[in-house]
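*Asks:* Sequence:
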Amino acid sequence: IKANVEANAFRQPPKWLEYDAANMIAKVTAVPAREDIDLPIEEHLIVELYSK
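This note's numbering numbers the first residue of the sequence shown as 46 and each following residue consecutively.
Treat the hints as calculated values from the structure; they're not laboratory data.
Everything numeric in this text was worked out from a predicted model, so none of it was measured.
Incorrect hints may have been included.
Unchecked claim - Have a look at the derived ranges for each label pair, beta carbon to beta carbon: (1) L90 to A66: 14 to 24 Å; (2) L90 to D65: 34 to 44 Å; (3) L94 to L62: 21 to 31 Å; (4) N53 to A78: 22 to 32 Å; (5) F55 to L84: 32 to 42 Å; (6) A48 to K97: 21 to 31 Å; (7) T74 to V50: 17 to 27 Å; (8) N49 to E80: 39 to 49 Å; (9) S96 to A48: 36 to 46 Å; (10) I86 to L62: 17 to 27 Å; (11) N49 to A75: 36 to 46 Å.
Backbone N, C-alpha and C fix where the C-beta goes; we use that ideal spot for every residue, glycine too.
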């Protein structure tokens with residue numbers, strides 16, 4: 046885990062996540078809104094898959 050933390054130290058955590066690098070503690074401060082997620086997700090395809 047420490048190796049992954051060190052390898053990704055340059056990344057900025059999203060605004061809905063608090064991260065304490067010194068103590069390796071992360072806290073979700075809010076449920077992320079759709080616009081807070083940077084991944085290209087097509088929700089209609091997920092709904093289509095699960096509605097079968």
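*Asks:* Now tell me, hint by hint, if it's right for this structure.
*Replies:* How the hints compare with the structure:
no. : hint                   : result
1   : L90 to A66: 14 to 24 Å : violated (36 Å)
2   : L90 to D65: 34 to 44 Å : holds (36 Å)
3   : L94 to L62: 21 to 31 Å : holds (28 Å)
4   : N53 to A78: 22 to 32 Å : holds (23 Å)
5   : F55 to L84: 32 to 42 Å : violated (19 Å)
6   : A48 to K97: 21 to 31 Å : violated (40 Å)
7   : T74 to V50: 17 to 27 Å : holds (19 Å)
8   : N49 to E80: 39 to 49 Å : violated (27 Å)
9   : S96 to A48: 36 to 46 Å : holds (41 Å)
10  : I86 to L62: 17 to 27 Å : holds (18 Å)
11  : N49 to A75: 36 to 46 Å : violated (24 Å)
Against the hints set out earlier in the document, violations occur for numbers 1, 5, 6, 8 and 11.
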